[in-house]
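S.K.: Sequence:
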Amino acid sequence: MLQLSNYSTKQLFAVVIIGTMMMMESIDTNILNVAIPAMAQSLGVSALSLKLPITSYLISLSVFIPISGYLADKFGTKIILMIAIFSFGLFSLLCGWATSLVQLTCFRILQGVAGALLVPVGRLLMLRVFSKQELVKVYMFISMPLLLGPLLAPYIGGLLVSHLSWRSIFYVNVPFALLMLFATWRFVDNYTQSTQPFNWPSFVSLALFLAITAYWLDTTSEITSSITQLLILMVIIMSFVIYLIIESKSEHQIIHFKLFQIRTYKLCFFSSALSRITLGARAFIIVLYLQLSLSMSPSESGLLISSMAIGYLFSRIFITRYLKRFGFKRTLLWSNFGTCLATVLLCFIEQANVFAWMVMIALGFFSAIVLLLLNVLCFSDIENEKYAAATSLNSTTQQLFVSLGVSIAAGSIHLFNYSFGTFTMTSFHAAFICIAVISLMGQIPFLKLQNSDGDNLL
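Counting with the numbering used here, you get residues 250 to 707 for the letters of the sequence shown.
Wrong hints could be hidden among the right ones.
[What the hints assert, rightly or not] Straight-line Cα separation of at most 20 Å, PhoX-like style, residue types lysine-lysine; simulated pairs: (1) K515 x K578; (2) K515 x K697; (3) K578 x K697.
Calculated directly from the structure, the hints in this document are not laboratory data.
Take these sequences, add in the hints, and give me the full structure.
M.R.: The following block contains the structure:
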C-alpha cells in the first residue's frame with residue numbers, strides 16, 4: 250500500500266496529476282466508440298466513416314510517442330506537460346465544436362499529438378520525483394486509472410450521449426484539463442536532462458510511413474482507382490525503405506530491430522500485435538452490433554460493454570495462482586483460446602440478458618490475462634540497458650495495432666454483405682468470426698514458447 254504520510258505534498262500531487270492524466274487519455278481513447286451511431290447521424294455520414302477520427306487519433310499517438318521523452322528532457326517535464334495538457338483540452342473543445350467529419354478528424358489528429366505527450370512525459374516525471382524503491386508502490390497505485398479508463402469509458406460515453414449529446418464526450422475533458430494545468434503549474438518542478446541528438450530524418454520518414462499506411466488501410470475499400478492504390482503503395486514502400494536506410498546509418502535509432510533477436514520478446518511482440526488488433530476490432534464492432542443491429546440505446550450498450558470490468562478484476566485475483574500452477578505458456582494458450590471462444594459467443598447475444606453479461610465478463614477476464622502476461626513476459630529476457638528501447642517500441646506500436654484492428658473491423662463489415670444505411674446481423678456475425686480467427690492465430694507464437702519461459706519472473 251502507498252502510505253501517504255511518507256511523501257511530500259509535491260510527490261502526492263505528482264501521483265494525482267499522473268493518475269488523472271492517464272485516466273483522461275485512456276477514457277478519451279475508448280469513449281468515442283459508443284457514440285459512433287449518434288455522431289454519424291449528426292454529421293450526416295455512414296457509421297463506418299467514423300473509423301477515421303478513431304484511427305487518426307491512435308496513429309497520431311503512435312507517431313509522436315517516440316519524441317515525447319526527447320522533448321521532456323530538452324525543455325523540461327513541467328513545460329512539456331503544461332503544453333500537452335493545454336493542447337489536449339483545447340483540441341477536445343474543438344472536437345466538440347466540429348461540424349463535419351473532416352474537421353473532427355483533423356482535430357482528433359491534433360488531440361492525439363497532445364495525448365502522445367501526456368502519458369510518456371507523466372511516467373518520466375514519476376521517475377524524476379520518486380526513488381527506484383518507491384516506484385513499484387506508486388506504479389501499483391496509478392495502474393488503477395489505466396485499468397478503469399477503458400472500462401468506464403463505454404458507460405460514461407453512453408450516459409452522456411443518451412442524456413446530453415455526443416459533443417459532451419469531448420467537453421468533459423476541458424474542466425479536467427484546466428485543473429491539471431493549474432496543479433502542474435503549482436506543484437511540478439521543471440526537470441531537465443542532457444539529451445542525445447534526436448534523429449529527425451528517421452522520425453519524419455517513420456511518421457510518413459505510419460500516416461500513409463493508416464490512411465491507406467482506412468480508405469482502401471473506398472478507393473476504386475487501381476492507379477491510385479498503386480501510387481499509395483509505392484509511397485508507403487518508399488517511405489519505409491528510406492526509414493530503414495537512415496536507421497541503418499544512425500547511432501541513435503528510434504526502433505531497435507536487434508530486440509527481435511531475443512526469442513521471448515519476438516514471440517510476445519507478434520502475439521501482442523494480434524491481441525491488440527483484435528482488441529481494436531472488437532471495441533469498434535461490438536458497439537455497432539449492439540446499437541444498430543440489436544437496437545440498444547447508447548447507455549444500455551455502454552453498461553453491457555463496461556461489464557467486462559468484472560472480468561478484468563477477477564483476472565487480477567486468479568492470475569498469480571494460474572501462473573504458479575501452469576506457467577506462462579499454458580496460461581497464455583488457454584486464456585487466448587478463451588478469448589477466441591468468447592468472441593464467437595458474441596454472435597449469440599440478442600439482448601442484454603444474463604448470457605450477454607456472462608459473455609462480456611468472460612471476454613474481459615481472458616483478454617485481460619493475455620494482455621497483462623504479454624506485457625510482462627516480453628521483458629523477461631531483456632537486459633536492463635535495453636528496457637528503454639523495448640518500452641519505446643511497445644508504446645509506439647501498440648496504438649498502431651489497435652488502429653489496424655479498427656480498420657480491419659470496418660473493412661470486414663464492408664466485405665460481408667454491408668449496404669449503405671443497413672447493417673445486417675449476418676455481416677456482424679461474420680466479422681466476429683474473422684476477429685476470432687485472427688485471435689486464434691496468436692496460438693502459433695504461444696506454442697513456440699518454452700514451458701520454462703517466464704519462470705525467472707515468478
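S.K.: Does each hint fit the structure? Answer for all of them.
M.R.: Hint check:
1. K515 x K578: 15 Å, holds
2. K515 x K697: 11 Å, holds
3. K578 x K697: 9 Å, holds
The structure is consistent with each of the numbered hints, conforming to all of them.
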